[in-house]
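Participant: Starting from the given sequences, assemble the full structure and let the hints guide the process.
There are 2 protein chains.
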Amino acid sequence: MSPAASDTGVVELLAALAYGELTGFARLAGDSELAPTSAARAELGRLAAREFRHYEALEERLRALGADPQAAMAPFVGAIDAFHRRTAPGSWAERLVNAYVGDGLAMDLYREASDFVGEAERPLMQRVLQSEGKAEFVEQELRKVVDADPAVAGRLSLWGRRLMGEAMSQAQQLVAAHPELVAMLVPDGDLAELSRMFTRLAEAHTERMGRLGLSS
Amino acid sequence: MSPAASDTGVVELLAALAYGELTGFARLAGDSELAPTSAARAELGRLAAREFRHYEALEERLRALGADPQAAMAPFVGAIDAFHRRTAPGSWAERLVNAYVGDGLAMDLYREASDFVGEAERPLMQRVLQSEGKAEFVEQELRKVVDADPAVAGRLSLWGRRLMGEAMSQAQQLVAAHPELVAMLVPDGDLAELSRMFTRLAEAHTERMGRLGLSS
Chain V
1 MSPAASDTGV VELLAALAYG ELTGFARLAG DSELAPTSAA RAELGRLAAR EFRHYEALEE
61 RLRALGADPQ AAMAPFVGAI DAFHRRTAPG SWAERLVNAY VGDGLAMDLY REASDFVGEA
121 ERPLMQRVLQ SEGKAEFVEQ ELRKVVDADP AVAGRLSLWG RRLMGEAMSQ AQQLVAAHPE
181 LVAMLVPDGD LAELSRMFTR LAEAHTERMG RLGLSS
Chain L
1 MSPAASDTGV VELLAALAYG ELTGFARLAG DSELAPTSAA RAELGRLAAR EFRHYEALEE
61 RLRALGADPQ AAMAPFVGAI DAFHRRTAPG SWAERLVNAY VGDGLAMDLY REASDFVGEA
121 ERPLMQRVLQ SEGKAEFVEQ ELRKVVDADP AVAGRLSLWG RRLMGEAMSQ AQQLVAAHPE
181 LVAMLVPDGD LAELSRMFTR LAEAHTERMG RLGLSS
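Chains as they are written, first to last, in full-length UniProt numbering: chain V, 1 to 216; chain L, 1 to 216.
It is worth saying that the hints were derived from the structure and are not from the lab. Do not take every clue at face value.
To be verified - Here are a few chain V residues that face chain L, going by a calculated C-beta distance under 8 Å:
(1) F25
(2) R27
(3) A29
(4) A42
(5) A48
(6) M73
What the hints assert, rightly or not - Residues of chain L placed beyond 12 Å of chain V at every Cβ, according to the derived structure:
(7) G30
(8) A82
(9) G90
(10) E112
(11) R155
(12) D188
(13) E193
(14) F198
Unchecked claim - To be clear about the criterion: a stretch of chain V counts as covered by chain L if any three or more of its residues have a C-beta under 8 Å from a C-beta of chain L, and this derived list gives those stretches:
(15) 11-24
(16) 33-39
(17) 50-57
Beta carbons: idealized from backbone N, C-alpha and C, even for Gly.
Facilitator: If you want it as structure tokens, here you go:
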């Protein structure tokens, strides 16, 4: 793998994460506007503001690598926008599931990434990871919703499955379209390893849904 | 004015500002989701994240004063939500006007407030003021919109007038319902001074719209 290909892969990874954070931020903040209480609004707002800080950190790193952040994100706009369009929540409980699943999946992705990126990128991944795991509010709210009406658990299980299905489908399209990104994810072009990574992400999702008493 | 009444007034002021920042944040971030480019999305996101930091600073100060932020904000939810409901923008240009007018008006409010609050609150007002004035992106975008289609200037002038009218109307209702807040704003109960403050806010708005070639 040439250094140039590696650099391209790193820029692509950071840019995809950056656009994910930027759109995740807008989605969460938009959800906060529809929160039933001002306490819930403030908590979702806090999660959203945290995602924006991640975006800014990624943007800064892209600039440091000589990339134009907007240009670097452009190839990922289609897939990530499509994901959000196809997973627009229809109720407050679905909004909470989006936040819960999205936050968990993002955390898993940064954890995977911190294993395969070079030393230069690791501190940024670690910094984001340390600021993650603050979605307790969302988890508590969801637990209340599920406990109050067990029938809702079935619907939310379905919704979580749809979210993960859409995420995986868009992710598969992204990696198919970005060979340098794949080369960085699996240096020897070992597509079985890539597949194992997707499996790990799906398993972590299942475990996370299970903690709420939801099937996946 | 008893110290207790003054404390109530301070808590009311901080709580009204806090709820304004929290809802302004959600509005701006929601606007960012509809931005035509990812650069515009990032810039509106930056403005929104800044408002959330203000919210957090106000929340922290309310707690330090022994107030429960959510309870303190509750009396202001109705008027501020009504303002946002009545000023939901219908186009990207209107969204930009909302951000421009809202940011300018907020800055003016903090400036007024830093004149009449006690020494204890002044550092917070100053801190927010120093982080304000970063809406250049919004101003530049609006200028482009107006320059590209002079006919749009008339519509946006009307829109700006409506925004300011709604803001003043809700503000009048708020002060009427909160005598301690008024007592802090105009210590001697001088309602003419309160009226002069509203006049100053309206004049600053006119000046701000004029800078974009918009009438008010």
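Participant: Of all the hints numbered above, which does this structure not satisfy? Sort the numbers upward.
Facilitator: 7
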